[in-house]
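Which chain is which? The protein sequence lines are A and B, in order.
Residue numbering for the first sequence is 1 to 112, as defined by this note's numbering.
Residue numbering for the second sequence is 1 to 114, as defined by this note's numbering.
No wet-lab data here; the hints were simulated from the structure.
Heads up, some of the hints might be wrong.
Claimed, not checked - Listed next, the in silico SDA-like pairs over lysine to any residue satisfying Cα-Cα at most 25 Å (straight line): (1) B/Lys57 / A/Gly28; (2) B/Lys57 / A/Gln58; (3) B/Lys57 / A/Thr30; (4) A/Lys68 / B/Lys57; (5) A/Lys68 / B/Ala69; (6) B/Lys57 / B/Gly42; (7) B/Lys57 / A/Ala29; (8) B/Lys57 / A/Ile99.
As the list claims (entries may be wrong) - From the derived model, a few chain B residues whose C-beta atoms are all more than 10 Å from chain A: (9) Arg18; (10) Arg44; (11) Ala69; (12) Val82; (13) Pro107; (14) Gly108.
What the hints assert, rightly or not - Here chain B is said to cover these stretches of chain A; the calculated rule only asks that three of the stretch's residues, wherever they fall, bring their Cβ under 8 Å from a Cβ of chain B: (15) 23-29; (16) 68-75.
Beta carbons: idealized from backbone N, C-alpha and C, even for Gly.
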Amino acid sequence: AQSVTQPDIHITVSEGASLELRCNYSYGATPYLFWYVQSPGQGLQLLLKYFSGDTLVQGIKGFEAEFKRSQSSFNLRKPSVHWSDAAEYFCAVGTKSYIPTFGRGTSLIVHP
Amino acid sequence: IAGITQAPTSQILAAGRRMTLRCTQDMRHNAMYWYRQDLGLGLRLIHYSNTAGTTGKGEVPDGYSVSRANTDDFPLTLASAVPSQTSVYFCASRAQGRSTDTQYFGPGTRLTVL
């Protein structure tokens, strides 16, 4: 069975600083990989996804993620964080049967 | 287009009571899912349905049941609620297709069982 690890429970950055949120997965074959964002009191919104092809994936709101098979990672990055990016971020891995597994989430705190 | 709607938005329920959380989507997606979200545990899959008329168990199905009589609706029922079922419940549906395979989430139902 697949699994996802988000090693950072909380990340604090200053507004304008760069951001990297870590995600490691465990799955025997090529996975489908996703990043979602959840603002307080809201549902989850898809930021980006990787299925195949180019390992650097561009998403919405200026986010990108890079699939590194050798490291079983799919880290999320943003070059300059805005205060509105403060939210909970979830990495997820899916398989061909598409029953995705979610990580426990990373809470992003943005200081002015 | 509403996407996915969930009702109620929130509910306080006495233990032992029966409760049905409603989920409706207007995107004609075949697959639908129910998750619960608890602090520090992320989202855990309760039940899913790949198409109308079929359902399957997820990671934490005990105490919950679902039905899928048609494409649009996927209700989740707690037959006899217990305090450990206090959680935020999210319904999701999936757009299928190799390049578009994506889950869409509803706004959630916050359930408190006392």
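Here's how the hints hold up against the structure:
1. B/Lys57 / A/Gly28: Judged against 25 Å, a Cα distance of about 22 Å means the pair holds.
2. B/Lys57 / A/Gln58: Distance ~33 Å between B/Lys57 and A/Gln58 Cα, so the pair is violated.
3. B/Lys57 / A/Thr30: Measuring from Cα to Cα gives roughly 24 Å; hence the hint holds.
4. A/Lys68 / B/Lys57: violated, 31 Å
5. A/Lys68 / B/Ala69: Violated. A/Lys68 to B/Ala69 sits at ~42 Å, over the 25 Å cutoff.
6. B/Lys57 / B/Gly42: holds, 18 Å
7. B/Lys57 / A/Ala29: Holds, at about 23 Å.
8. B/Lys57 / A/Ile99: holds, 11 Å
9. Arg18: Correct as stated: the minimum Cβ-Cβ distance to chain A is 25 Å, above 10 Å.
10. Arg44: With a cut-off of 10 Å, B/Arg44 comes too close to chain A, as the shortest Cβ separation is near 8 Å.
11. Ala69: B/Ala69 is indeed farther than 10 Å from all Cβ atoms of chain A, at 22 Å.
12. Val82: holds, 23 Å
13. Pro107: violated, 5 Å
14. Gly108: violated, 6 Å
15. 23-29: It is violated, with 0 qualifying residues against the three required.
16. 68-75: With 0 residues closer than 8 Å to chain B, the region 68-75 of chain A misses the three-residue bar; violated.
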